[in-house]
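*Asks:* Same order as they appear, the protein sequences are chains A and B. FYI, in the numbering used here the residues of the first sequence are 1 to 232. FYI, in the numbering used here the residues of the second sequence are 1001 to 1380.
Derived from the structure by calculation, the hints contain no laboratory data. Beta carbons are placed, not taken as given, at the ideal position from N, Cα and C, and that holds for glycine. Possibly wrong hints are sitting among the right ones.
To be verified - Below, simulated DSS-like cross-link-like pairs (lysine-lysine); rule was C-alpha separation at most 25 angstroms, straight line:
1) 1112/B <-> 1075/B
2) 177/A <-> 211/A
3) 1002/B <-> 118/A
4) 125/A <-> 1002/B
5) 1075/B <-> 1237/B
6) 211/A <-> 224/A
As the list claims (entries may be wrong) - With the Cβ distance kept under 8 angstroms, some of the chain B side facing chain A (calculated, not the full set):
7) 1003
8) 1009
9) 1288
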Amino acid sequence: MALVEIRDVYKSFQRDTQKIDVFTGLTLDIEAGSFTALMGPSGSGKSTLLNLIAGLDKPTRGTVRVGGAAVSEMSPGQLAAWRASNIGFVFQSFNLLPVLTAYQNVELPLLLTRLSGKERNERVKLALEVVGLADRADHYPRQLSGGQEQRTAIARAIVADPTVMLLDEPTGQLDAKSSQEVLALLQRLNNEFSKTIVIVTHDAHAAERAKTTLHLEKGDLIEKRAAVAGVR
Amino acid sequence: MKYLGLVLANLGRHKLRTILTILSVALALFLFASLRSVTTTLAATAQLGGARRLVTTNATGIVFVLPLAYGNRIKALPGVTGLSWANWFGGRYGDGKSFFANFAVDAESYLKMYPEFIIADDQRAAFLRDRTGALIGKRLLRQFGWKVGQNVTLQGTIFPGEWTFTVDAVYTPNDPSLGDDALVFHHEYFDERIGRAGIAGWYIVEIDDPAHAPQIAKSIDDMFRNSSAPTKTGTEKEFQASFATMWGNVSFLMSTIGLAVVFAILLVTANAMMMSARERTGEIAVLKTVGFSDRLLFALIMVEAGAMALTGAALGLGGAKLFYPAINFNGAGFLPGFKVATSTLVVGGLVALGLMLASGLVPALRAARLPVVQALRHVE
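Chain A on its own, in the form it takes in the complex:
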């Protein structure tokens, strides 16, 4: 059974008087431990798909299941709790809270758990170590480079050991060097820690790092390409 199961999903938006259909019966599986890149032009539904998987949005029709849980049928309260332990989300513009240090930003998802302060401390330190920022724990986002900010955001996404990591254009605001660092980190998380990763990107180089690339166009899955093992 796939980790993420999307079945016959319809999603439409109302913009003024115009109804915009994003998905019309999308069906898709994402396997546990996979590294999937979602590509496609603007408006093809990539971010909407990410939002549906994360339970941030609901399909107009159809079902979205993640790890067996029917995300599309949960109440807002259930979704929040579910997201806290199952989803690690990374944004294009990092979205660290500017008033919190890197450590405090990474700790945020753990505040929602029953972990003690000591356990939270251990996990945050480990997450920062994994992303190579153990020595930047006390730095505020303004004191970090773009690449470091995004790595902090990734640490925040992995700290609660989520079922799946969702990244929306994670290298969109980074220079080439930082992009490579972040992508290498994602690859490592997938290879060494078997994290299931779904990344939305316009960047073909970024997509090359993924094991599977899905192309969306006008809400339809038009291509699925698996990377050749050992090449990347």
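Based on these hints, arrange chain B on the given structure of chain A.
*Replies:* Frame of chain A; chain B shown alone:
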């Protein structure tokens, strides 16, 4: 407690704005406590007065006097067990900027009738012996640095001339509302200096039983109804209350100003909270994505509003509670026993809670109801 860091970090986001908002709340509640304390002090003063004491004044008004000859006729009435009289003097000390009450009394009967004034026995005896002696409240001793045995000269305003008294005794009231800033001197000396005019500003009538008060008051007033100076007699409490009612509109004005100030600050605080929450729309979306529930975000924003309102309240109400005793405030003698009552602190605390609810509710609800996807568009 684990969210404390997040709340403090958010409060520290715009330190100056947070400090100014807290100070606004503090100032509003300081003013509120001060203005309400004027009202409660006046109300407490209106409750003063012994149950067995009646006061007889000129029916035309307190500024008109009564003949001293009325005394013996009142004393002779059944149920009357004691009588004293007094005259407002209205003397000025120094440059006159520091006002205090001063009046002439029939000392022996007056002190007998007012056990509320605590006086050392030797000083009491000295005052009763000394025809030009004065009995003063202990506040005057502190205020002017007077000493027992010292001569003090008042400038007469209603009764012109320089009036010199010897400070023979100091009193401390057993109830702060009675005030401790009056100077009293012998009516005998007063009467002599004004050429034996034989006048009394008011009579204090001690009766055998409070239940007889209406009947005795009526007998007194009936006795002088057709004289040139008809009287008006009532309980001492009514007499005190009549002074308080003179402040009636002022009390209303104070309450209104107090509420207006609080309302103005409510708008300031609500505006600050709204701005703070609006600026964080993106962050709220991120927190929701991380897994913060609508309810938790609502609570966190309410806690922020509460922290500001309650810190402001603690500063404002606590400040008022400590400030007035520290400066020995008594409203230039018009508000003896002025204090910020516990009831004022409780009402102030409730006002602060109201401020918290009113200023935090809208941004908190807004944050809780914010659709994540819509908010994320704001982010991206």
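*Asks:* For each hint, tell me whether it holds in the structure or not.
*Replies:* Checked hints:
1. 1112/B <-> 1075/B: 15 angstroms, holds
2. 177/A <-> 211/A: 21 angstroms, holds
3. 1002/B <-> 118/A: 12 angstroms, holds
4. 125/A <-> 1002/B: With a Cα-Cα distance of about 17 angstroms, the restraint between residue 125/A and residue 1002/B holds, given a limit of 25 angstroms.
5. 1075/B <-> 1237/B: With Cα atoms ~21 angstroms apart, residue 1075/B and residue 1237/B stay inside 25 angstroms; holds.
6. 211/A <-> 224/A: Distance of about 11 angstroms is within 25 angstroms: holds.
7. 1003: Constraint on residue 1003/B satisfied, holds at 6 angstroms.
8. 1009: Holds: closest Cβ of chain A sits about 4 angstroms from residue 1009/B, inside 8 angstroms.
9. 1288: With a minimum Cβ separation of about 7 angstroms from chain A (threshold 8 angstroms), the hint on residue 1288/B holds.
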